[in-house]
Amino acid sequence: RMSHKHGGKGGAIVNVSSAASRLGAPGEYVDYAASKGAVDSLTTGLALEVAAQGIRVNCVRPGLIYTDIHASGGEPGRVDRVKSMLPMQRGGQPEEVAQAIVWLLSDKASYVTGSFLELAGGK
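Using our numbering, you'd call the opening residue of the sequence shown number 6 and step up by one each time.
Note that these hints are calculated values from the structure, not bench results. Please read all numbers here as calculations on a predicted model, not as lab measurements. Ideal Cβ placement from N, Cα and C applies to all residues, glycine included. Hints may contain errors.
[What the hints assert, rightly or not] Pair by pair, the computed Cβ-Cβ distance ranges are: (1) Pro31 / Met7: 30 to 40 Å; (2) Gly119 / Gly12: 17 to 27 Å; (3) Gly82 / Gln58: 16 to 26 Å; (4) Ser111 / Gly50: 18 to 28 Å; (5) Met7 / Arg86: 15 to 25 Å; (6) Gly79 / Ala57: 25 to 35 Å; (7) His9 / Val35: 14 to 24 Å; (8) Pro81 / Gly13: 39 to 49 Å; (9) Tyr37 / His11: 12 to 22 Å.
[To be verified] Computed cross-link-like contacts, BS3-like style, restricted to lysine-lysine with a CA-CA straight-line distance of at most 25 Å: (10) Lys88 / Lys113; (11) Lys113 / Lys14; (12) Lys10 / Lys113.
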């Protein structure tokens, strides 16, 4: 419906990947990293396919964020355990990821497509 060729006004898609897709997550979350690598490929390919139809496709790559994903993986304190290895020395908040997504969906990012926004504290 967003496509110009179908009468749409264009639009924006934001995929959620992970910094793990770039880092590989050896010894911890290799399978997760691989699945997020697929999201990265989808983002790049789809951005190229639909740009001329007025659709922007971008991706955020959160790093260590205070969410329940670590608890469900058996390590609820993981962010606090490893945050000292990050240049910013802290984990991220879900609201920080949400704000980045809102920006990418907005008209303020109207010339941004096929891009990856790292939200990983500098890592």
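Hint check results:
| no. | hint | verdict |
| --- | --- | --- |
| 1 | Pro31 / Met7: 30 to 40 Å | holds, 38 Å |
| 2 | Gly119 / Gly12: 17 to 27 Å | holds, 24 Å |
| 3 | Gly82 / Gln58: 16 to 26 Å | violated, 45 Å |
| 4 | Ser111 / Gly50: 18 to 28 Å | holds, 23 Å |
| 5 | Met7 / Arg86: 15 to 25 Å | violated, 42 Å |
| 6 | Gly79 / Ala57: 25 to 35 Å | violated, 45 Å |
| 7 | His9 / Val35: 14 to 24 Å | violated, 40 Å |
| 8 | Pro81 / Gly13: 39 to 49 Å | holds, 43 Å |
| 9 | Tyr37 / His11: 12 to 22 Å | violated, 35 Å |
| 10 | Lys88 / Lys113 | violated, 31 Å |
| 11 | Lys113 / Lys14 | holds, 16 Å |
| 12 | Lys10 / Lys113 | holds, 24 Å |
Violation of the numbered hints given earlier is confined to hints 3, 5, 6, 7, 9, 10; the remaining hints are satisfied by the structure.
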